[in-house]
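Visitor: Read off the chains here:
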Amino acid sequence: MAKITLDNLAHSYLPNPMGEDDYALKALNHVWADGEAYALLGASGCGKSTLLNIISGLLHPSQGRILFNDHDVTNAPTAQRNIAQVFQFPVVYDTMTVRDNLAFPLRNRGAEATYIADRVQKIARMIGMETELDKKARGLTADAKQKISLGRGMVREDVNALLFDEPLTVIDPHMKWELRTQLKSLHHEFGHTMIYVTHDQTEALTFADKVVVMYDGGVVQVGTPQELFERPAHTFVGYFIGSPGMNLLDARVNGNMAVIDGAEIPLGAGYKPVSGKVQIGVRPEFTHLTNGNDGLESKCAGSRTWAATKSCARIFSEMKSTSSPKKALKLAQI
Amino acid sequence: MEKTVNQKAWFLILPVLILVAFSAVIPLMTVVNYSVQDTFGNNKFFWAGLEWFEELLHSDRIHDALGRQIIFSAIILAIEVPLGVFVALNMPKKGFWASVCLVLMSLPLLIPWNVVGTIWQVFGRVDIGLLGYALDKAGVSYNYTQDSVAAWVTVIVMDVWHWTSLVALLAYAGLQSIPDAYYQAAKIDQANRWKVFRFIELPKMQGVLMIAILLRFMDSFMIYTEPFVVTGGGPGNATTFLSIDLVKMALGQFDLGPAAAFSIMYYLVILLISWVFYTVMTNLDKRDGV
Chain A
180 MAKITLDNLA HSYLPNPMGE DDYALKALNH VWADGEAYAL LGASGCGKST
230 LLNIISGLLH PSQGRILFND HDVTNAPTAQ RNIAQVFQFP VVYDTMTVRD
280 NLAFPLRNRG AEATYIADRV QKIARMIGME TELDKKARGL TADAKQKISL
330 GRGMVREDVN ALLFDEPLTV IDPHMKWELR TQLKSLHHEF GHTMIYVTHD
380 QTEALTFADK VVVMYDGGVV QVGTPQELFE RPAHTFVGYF IGSPGMNLLD
430 ARVNGNMAVI DGAEIPLGAG YKPVSGKVQI GVRPEFTHLT NGNDGLESKC
480 AGSRTWAATK SCARIFSEMK STSSPKKALK LAQI
Chain B
-9 MEKTVNQKAW FLILPVLILV AFSAVIPLMT VVNYSVQDTF GNNKFFWAGL
41 EWFEELLHSD RIHDALGRQI IFSAIILAIE VPLGVFVALN MPKKGFWASV
91 CLVLMSLPLL IPWNVVGTIW QVFGRVDIGL LGYALDKAGV SYNYTQDSVA
141 AWVTVIVMDV WHWTSLVALL AYAGLQSIPD AYYQAAKIDQ ANRWKVFRFI
191 ELPKMQGVLM IAILLRFMDS FMIYTEPFVV TGGGPGNATT FLSIDLVKMA
241 LGQFDLGPAA AFSIMYYLVI LLISWVFYTV MTNLDKRDGV
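Listed in order, the protein sequences are those of chains A and B. Plus 179 on top of the position in the first sequence (first one is 1) and you've got the numbering used here. Residue numbers are given in the numbering used here: position 29 of the second sequence equals residue 19, and the series is strictly consecutive.
Calculated from the structure, these hints are not laboratory results. Heads up, some of the hints might be wrong.
[As the list claims (entries may be wrong)] In silico lysine to any residue, SDA-like type, Cα no more than 20 Å apart, as pairs:
(1) Lys315(A) to Lys194(B)
(2) Lys456(A) to His467(A)
(3) Lys194(B) to Thr274(A)
(4) Lys301(A) to Glu368(A)
(5) Lys194(B) to Thr381(A)
(6) Lys185(B) to Lys456(A)
(7) Lys185(B) to Ile295(A)
(8) Lys238(B) to Asp28(B)
(9) Lys177(B) to Gly402(A)
(10) Lys185(B) to Arg286(A)
(11) Lys315(A) to Phe187(B)
(12) Lys314(A) to Arg298(A)
(13) Lys177(B) to Ala255(A)
(14) Lys194(B) to Thr276(A)
(15) Lys314(A) to Leu274(B)
(16) Lys205(A) to Ala222(A)
(17) Lys185(B) to Gln259(A)
(18) Lys83(B) to Lys177(B)
(19) Lys363(A) to Arg431(A)
(20) Lys314(A) to Asn273(B)
(21) Lys315(A) to Ala296(A)
[Claimed, not checked] Now the stretches of chain B that chain A is said to cover, found in silico as 3 or more residues with beta-carbon under 8 Å:
(22) 25 to 35
(23) 179 to 189
The beta-carbon is built from N, C-alpha and C at its ideal position, and this holds for glycine as well.
Model the full structure from these sequences, guided by the hints.
Guide: Structure representation (structure tokens):
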């Protein structure tokens, strides 16, 4: 188990990256605390798997350092990092039995036979596969294979971190929930540092203590599921988290009043004047229909009016920042 | 839905029936017909029953040819399968050189068989052939027209040259279908190169290798053109394989009866061995699955 520090880490798949757009993973500083369960959430192609493969050492970063417990492992090969990784598609050694699969990493590291037998038994109990130890791995179902992959990772006692790369993609829906619950209880019991990559917000929000949201190669917010839901730091977090996502409405803000489409909406607090493009994000969960003159008039498919209430409306301001050529999104708040 | 009965529909399958009859059924039945008859010429035949089959079963000539054939196929498989797998493992996985390798590998497969035979016939000649001349100058006694060992070596090396590509290409296709995650997992599990081969690559190649072995077995068991062009079955009968012997019997000696019986037995042997082979392989597969 280890604390994992990413120090100014970035990666590009091109040999000579020119601009920021050439980077699959933009410069990033982050500390994964020891023993926490993280979810790495983002749309496909945002750099999640790249980050994961850099941590596990399958990819060498273009720049920056990775530290495990303040020990630099940037140039260490995968085997020396002692991490476990579960992949999107179940990886098992088809011709081996479940027992041999679980014993494989230990045998390769030259562990003693009695110790191996003991560990395998323990792990089999942990993942609930004691009765299937002598079956060939080939004939098992996808979720059983995924459990074996997990078990192969956990069979080493000194494993630094458990990495999951969208591990439930090929699992049947009813098994997904069960496996996720099992993972959570394993985390409670053994306290491994876990990083769980997914593009499924339900998986991320139910699995993790902390969710790291990635967008376009960068981390846009780190927080608990509740923080992400209630206080998104980026419009992407606003519409990616929640189902359906946040409504974003162009607005002008005057102190504690917002003007949307000519209608004045009182806000819960007063805000400093903001410049640039301003949008108000409203979670659909916090809106309701009303007959009065309050709120926002709008025509829906059924030509009814709906209104946004003020309580949870948050203001986003897209400001042109001088430090970064990219649009910086900043939360304006008093 | 109500089906309309219209007996004229039989005419629709008539073309196929005629085609198959003329291309397969009638020629095969002619062979069967010959195999149970004898003739003294003048196109007059009389019933001989299973006489030819009995005679062939006790014929030393057939036994020897069969023995040579089995040894030949065994050597071919023992060389080409491991070599093909080895080549496939060392081919580049992607990029420009992968394409170059694929094209180079498929070249020998595109050469007509008698041309392959001619190439090696000339290549091995002591007077003008590059190989034969070089070996001769190097002091190695090599003359495939006189020495049966040299003839065997030539025929086998020629077949390896011609057909290893097929095994390599099939094995390469099998390797390409392995997802990267397997190799990454192996790295994490600290598996060495041999274990990656033994537990990941070999099991994933099993299916295509089975096809490769089956194809190479059938082809080598029926081999005719290449050794015939190079050695003509000689020296003596040293490289007279079953099909060469069969042609000698049928066209050389014009023994239609025995040759027909021989053909049928030859066909049955290939069918039988292929079936046994296939059944054993698929059963192994099933047993593993449980």
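Visitor: Please go over all the hints and tell whether each is borne out by the structure.
Guide: Status of the hints after comparison with the structure:
no. : hint                   : in the structure
1   : Lys315(A) to Lys194(B) : 15 Å, holds
2   : Lys456(A) to His467(A) : 26 Å, violated
3   : Lys194(B) to Thr274(A) : 10 Å, holds
4   : Lys301(A) to Glu368(A) : 13 Å, holds
5   : Lys194(B) to Thr381(A) : 35 Å, violated
6   : Lys185(B) to Lys456(A) : 59 Å, violated
7   : Lys185(B) to Ile295(A) : 18 Å, holds
8   : Lys238(B) to Asp28(B)  : 18 Å, holds
9   : Lys177(B) to Gly402(A) : 32 Å, violated
10  : Lys185(B) to Arg286(A) : 11 Å, holds
11  : Lys315(A) to Phe187(B) : 18 Å, holds
12  : Lys314(A) to Arg298(A) : 18 Å, holds
13  : Lys177(B) to Ala255(A) : 12 Å, holds
14  : Lys194(B) to Thr276(A) : 16 Å, holds
15  : Lys314(A) to Leu274(B) : 15 Å, holds
16  : Lys205(A) to Ala222(A) : 16 Å, holds
17  : Lys185(B) to Gln259(A) : 18 Å, holds
18  : Lys83(B) to Lys177(B)  : 18 Å, holds
19  : Lys363(A) to Arg431(A) : 44 Å, violated
20  : Lys314(A) to Asn273(B) : 17 Å, holds
21  : Lys315(A) to Ala296(A) : 17 Å, holds
22  : 25 to 35               : violated (count 0)
23  : 179 to 189             : holds (count 6)
Comparing the model with each earlier hint shows violations of hints 2, 5, 6, 9, 19 and 22; every other hint is respected.
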